[in-house]
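Number of protein chains: 4
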Amino acid sequence: MPAKIKTAVLGATGYSGYELARLLLRHPRLEKPLLFRRPSENGDGGDLAKLFPALSGNGGFPLQPFSWEALKEVDLLFLATPHDVSRALAPGAVARGIRVIDLSGAWRLKQPQHRSVYGFHDSDAAAAEELTDKAVYGLPELNGEQIREASLVANPGCYATSVILALAPLLAANVIGREKGIISDSKSGVSGAGKEPTSRTHFVSVADNLSAYSVFGHRHTGEILEQLNLNAAELIFTPHLLPIPRGILSTIYVHLNREMQPAEVQSCLQDFYAGKRWVRVFETPKLPEIQFSLHSNYCDLGFCLADDHRRLVLVSCVDNLLKGAAGQAVQNLNLMYGWQEDKGLA
Amino acid sequence: MPAKIKTAVLGATGYSGYELARLLLRHPRLEKPLLFRRPSENGDGGDLAKLFPALSGNGGFPLQPFSWEALKEVDLLFLATPHDVSRALAPGAVARGIRVIDLSGAWRLKQPQHRSVYGFHDSDAAAAEELTDKAVYGLPELNGEQIREASLVANPGCYATSVILALAPLLAANVIGREKGIISDSKSGVSGAGKEPTSRTHFVSVADNLSAYSVFGHRHTGEILEQLNLNAAELIFTPHLLPIPRGILSTIYVHLNREMQPAEVQSCLQDFYAGKRWVRVFETPKLPEIQFSLHSNYCDLGFCLADDHRRLVLVSCVDNLLKGAAGQAVQNLNLMYGWQEDKGLA
Amino acid sequence: MPAKIKTAVLGATGYSGYELARLLLRHPRLEKPLLFRRPSENGDGGDLAKLFPALSGNGGFPLQPFSWEALKEVDLLFLATPHDVSRALAPGAVARGIRVIDLSGAWRLKQPQHRSVYGFHDSDAAAAEELTDKAVYGLPELNGEQIREASLVANPGCYATSVILALAPLLAANVIGREKGIISDSKSGVSGAGKEPTSRTHFVSVADNLSAYSVFGHRHTGEILEQLNLNAAELIFTPHLLPIPRGILSTIYVHLNREMQPAEVQSCLQDFYAGKRWVRVFETPKLPEIQFSLHSNYCDLGFCLADDHRRLVLVSCVDNLLKGAAGQAVQNLNLMYGWQEDKGLA
Amino acid sequence: MPAKIKTAVLGATGYSGYELARLLLRHPRLEKPLLFRRPSENGDGGDLAKLFPALSGNGGFPLQPFSWEALKEVDLLFLATPHDVSRALAPGAVARGIRVIDLSGAWRLKQPQHRSVYGFHDSDAAAAEELTDKAVYGLPELNGEQIREASLVANPGCYATSVILALAPLLAANVIGREKGIISDSKSGVSGAGKEPTSRTHFVSVADNLSAYSVFGHRHTGEILEQLNLNAAELIFTPHLLPIPRGILSTIYVHLNREMQPAEVQSCLQDFYAGKRWVRVFETPKLPEIQFSLHSNYCDLGFCLADDHRRLVLVSCVDNLLKGAAGQAVQNLNLMYGWQEDKGLA
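Chains as they are written, first to last, in our numbering: chain A, 415 to 760; chain B, 415 to 760; chain C, 415 to 760; chain D, 415 to 760.
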């Protein structure tokens, strides 16, 4: 039995951080993780099970105040923090030889025009730029090789995960007519908006409702464009807020650049994800629904092809807190240490 | 005070029929409507307030078994029945001089290729064809003049209402690049699926879920195409089932055939609906949400324009039981008798 | 046509205040009401339809900063404000000859031990005490006569309304064995917790959940005790937070002090509420459900009697924003001006 | 490594049966279970993952038509069937030496007056009576010893589990004043009503609603009475239908027969469940909520004591499909084979 790996979670009190802590606690190759509140949070100490009573009855999960000292023995640090905190802390961790998986948007984007929506204020701009270059976009199905060696993994956005995984096979096969435009009409549960109480996340605002938001301006757009080598004119991404706690469904519209048969599209998706543990391709015309991947690390994909053999509707579902955040982070961890991809996730 | 009009509702025990009965009961120009169960329903007699206790305490609402005899004094008959029942009964009513507003899909479509999805089996095909020609598609904002004179009004589908009203102004202004395709990604509450208990409408199937259905094959597609003079290759319409009881939101994607400014698009919509009581155009970038039009007869419209001034996202919301069904039926009734358009609806 | 009455709403931007504004705007005997934000609210001015877009398209609803000057012509002031604000402002209004209907808990309680949970800090304690004596508890079915003449009406709490109306007939008939204890297990939708975003009202906290709160300590307990002349040992009132936006259901358990037949209990309830417009008594064993009274001013009552003819379960439902708040306020207004009880509410 | 045990599930296509199948599939001491549809179900064969796509991507889960032949090698049979099916099949299984865990109400009740609500029609009444005597009520925290040796375990009802576990410690300590009556006001998610689509389980009937049902007449009442040695006059049990897919919360009201301190009540509960893996006792005044035990096998208990030290409110939560059904069945399985109580459940 090899020695276990020591991990820490910074920001364990948010939705993704908590979900991550739960996964790490039962991961067979890990010591019990260190859990930190966000630097900005009031209330040093305490216990995670007080905040999330679902955890209680399983021993203590002490929350520590963050310090570099406390990270001394840590092999890998998860940052489940706002992007500015991740931007400030990741360089220090990497410099100390600690591998980092960051769940925020801080390190996902290489191109300045996409990063600008975040408005980063780096104290050491050169170091931040250098680390940006080294950071690996942590989508295991696409970037597995680089993730294995990475010192900093930028865990993808939840929406971006659902959209990129749906489109990657078809773009790789070069069958999409990009000039006609790709549209992702995406819908997410409320946990994607974070744990902060706002008028937007108030129960009465969300229940019995549906709303579109950030049209032509959502931060995940840049990730999708970069990972799929699209330009801004080729994609419209429209997020919506669903009256459910968790789960994402993206309905994606593409034009094919040649006529295809359903079986061809089916093969294109299935072959691309052959052997990939966490992507399920449904047989057309059966489509995934949000419930099917809830509480799992799966990305579910399905499609319908029009009678003209040219127009394609793809449906992609993920649990935004798992494949869209904490689950994918554990999948990345597994890659980084050479473990099976479903360790701690099955 | 002019004499009151006598109406009847066939199918008052379904969601739309009940909603219609409620509206008619408080309409100031109507006698208390006669209420009929569907011909196929078990249980002659009874009282609508037994089935919908929200009605109780306001006197009796007896349900009658259907007969032509009972319709003798009736001026106008609402058919809130399955399309085959509407198809069978409307000719008889019209022949007896009773005006008809049909809430089903029986009489909405002129073009045989669109009607084929319904698979009508008319006992008198010639009469049915003749009545099809006379039937007026009851979207008051577009067809007000014809509705006024109609003997048979085909009340539009709920999805179709939301999509047609959003697109009509831009198509009328001839600013849409149809060849690039129009997409309506539409989402509806469960009452749109009817009152019949099925595995699809079971609470556990719908809650915490979202699903796309009838992709490339929903019956409302034909209505949209006919009313907007589009051909099938120019539109994709994708319905989704939302975990809410009622309400529709359509997110609609169009390419403009020339660059436009937001103010121009705004005017295009506002001018088209100037003086229309039941359409509200939001000021960009404010978008409608399902909650805003719930329990009202409004269709709410809003839009966002991309930086390239070419790509447009429209959002359209209706309450599927009101502007999408019973409310619009009353709006049509008001037109047919020359009353103000918000009589019984304000 | 008599002159219309001039009203104002202070706190029109909260859930109850908004609901009240909507009712007043369509009330046939009122001028368009003046709408004020709460004194503490940021953002003077603005329009109520901006905050509640459901209102839009019906003209302007300007929000004014509060001042006594602005109230000069006002006949009746609704306070939809926190209790401390109501406590501070009501004396000034009454002194100026303005009648007041207060929707907070500020003036509902006569007995100091019940008031203590609110911790009032009155600047003029004697004046506050005097006004407390004059205030009428605004439950029209019980206190109609006093409400007619009142200068200050303390509109009941939502939970209290549901509990008091269920128990009043049986207590009046002296058939309850109080010494065995009365229990109200009450469940409310989230709008009852107010519009302030908190971790408790976050969608993710409420959805797929149910929780009891304020056990043995909810503020509405005092109202129930005072109105029903119970002592604290005779009642347990336990509120729960339901994953719905609005509506209250109270399940109430009582012991009868003698054997009764179902028909006797039925008569007891029905006779008590004979001629009362806004109470509906269901025929046992049919029970009210939250949906039945939603969006109405009804209080729905029903019951089941055990085989031993001694133990009784009552079920009472109200819409917490209507019969539990704004609707009841309008019902009180109607009484105060001698109008029909359903004016503006039907 | 000892040989694995061979199990089968009859009725794997219902909610409890499916949940059970999922648990058994990952249980480390079991072979892959045989899965049977209910005898009455149409559609022999098929695959469980077709009906529950959440299962897909993990190999095949073939559904077999039921036959005794197919059960030949089976050690233990789970019956997730309607009570009449369980009543008909359990004797045959036991006679063949197959141990049985039955999830229905068929074998839970010893006393004829409680059983009468089920209206059993046994073909061999003597055999059925004999097996009734041998059946063990499968609540592991109370009947662990007998469960270990049982050939037929009657898995408790979901409501009954929540109520019995809350009351057992206090009744054992003899501190409840039974003559004043015990009340359990219980609320359940919709999966408790089964997978059959009915007007009661239609999404539109349940959403935005709450309803009480089967007042003074729910089948689980008998279980509670028998297990706690109460007579019918000492308990009122009122179930309600919550607008959530799963989870139960029971609010339970008892009178103490002497004054107690909160710490005493706390100890009473904690001591009773010391070492019990699947009961969590919360520290007063912290109360469990439905979310906390969802997707787990925990029963969560909490309480508040009135100032008079006499009146006690208990709150008890379970996931109706786990601790209330399939999870408890696995817990029983573990006991029956001498495995740790959390095998396959952690």
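Just so you know, not all the hints are guaranteed correct.
Claimed, not checked - For lysine-lysine, the following DSBU-like pairs were computed, each having C-alpha atoms within a straight-line distance of at most 35 Å:
#1 B:Lys524 x A:Lys700
#2 C:Lys757 x B:Lys418
#3 C:Lys594 x B:Lys700
#4 D:Lys757 x A:Lys464
#5 A:Lys464 x D:Lys700
#6 B:Lys690 x C:Lys464
#7 A:Lys690 x A:Lys594
#8 B:Lys446 x C:Lys700
#9 B:Lys609 x C:Lys757
#10 B:Lys420 x B:Lys486
#11 D:Lys418 x A:Lys757
#12 B:Lys420 x A:Lys524
#13 B:Lys418 x A:Lys594
Derived by calculation from the structure, the hints in this document are not laboratory data. Remember, predicted model here, so these are calculated numbers, not experimental data.
Do the hints match the structure? See the list:
1. Distance check on the hinted pair: B:Lys524 and A:Lys700 sit about 31 Å apart at the alpha-carbon level, within 35 Å; holds.
2. Under the criterion of a C-alpha separation no larger than 35 Å, the hint pairing C:Lys757 with B:Lys418 is consistent with the structure, at around 23 Å.
3. Between C:Lys594 and B:Lys700, the direct Cα distance comes to roughly 57 Å. Violation of the 35 Å bound is thereby established for this hinted pair.
4. About 26 Å separates the Cα atoms of D:Lys757 and A:Lys464, which keeps this hinted pair within 35 Å; it holds.
5. Annotation: proposed proximity of A:Lys464 to D:Lys700 holds, straight-line Cα distance about 10 Å (limit 35 Å).
6. Between B:Lys690 and C:Lys464, the direct Cα distance comes to roughly 21 Å. Compliance with the 35 Å bound is thereby established for this hinted pair.
7. The suggested pairing of A:Lys690 with A:Lys594 holds, with an alpha-carbon distance near 30 Å, which does not exceed 35 Å.
8. Between B:Lys446 and C:Lys700 the alpha-carbon distance is near 27 Å, which keeps this suggested pair within the 35 Å criterion.
9. At roughly 33 Å between alpha-carbon atoms, B:Lys609 and C:Lys757 fall within 35 Å of each other, so this suggested pair holds.
10. Taking the CA atoms of B:Lys420 and B:Lys486, the gap is about 10 Å. The hint holds against a cut of 35 Å.
11. Of the supplied pair hints, the one linking D:Lys418 and A:Lys757 holds, its CA atoms being roughly 23 Å apart against a limit of 35 Å.
12. For the hint linking B:Lys420 to A:Lys524, the alpha-carbon distance of about 70 Å lies beyond 35 Å, and the restraint is violated.
13. Note on B:Lys418 and A:Lys594: the hinted pairing is violated, with a Cα-Cα distance of about 56 Å set against a maximum of 35 Å.
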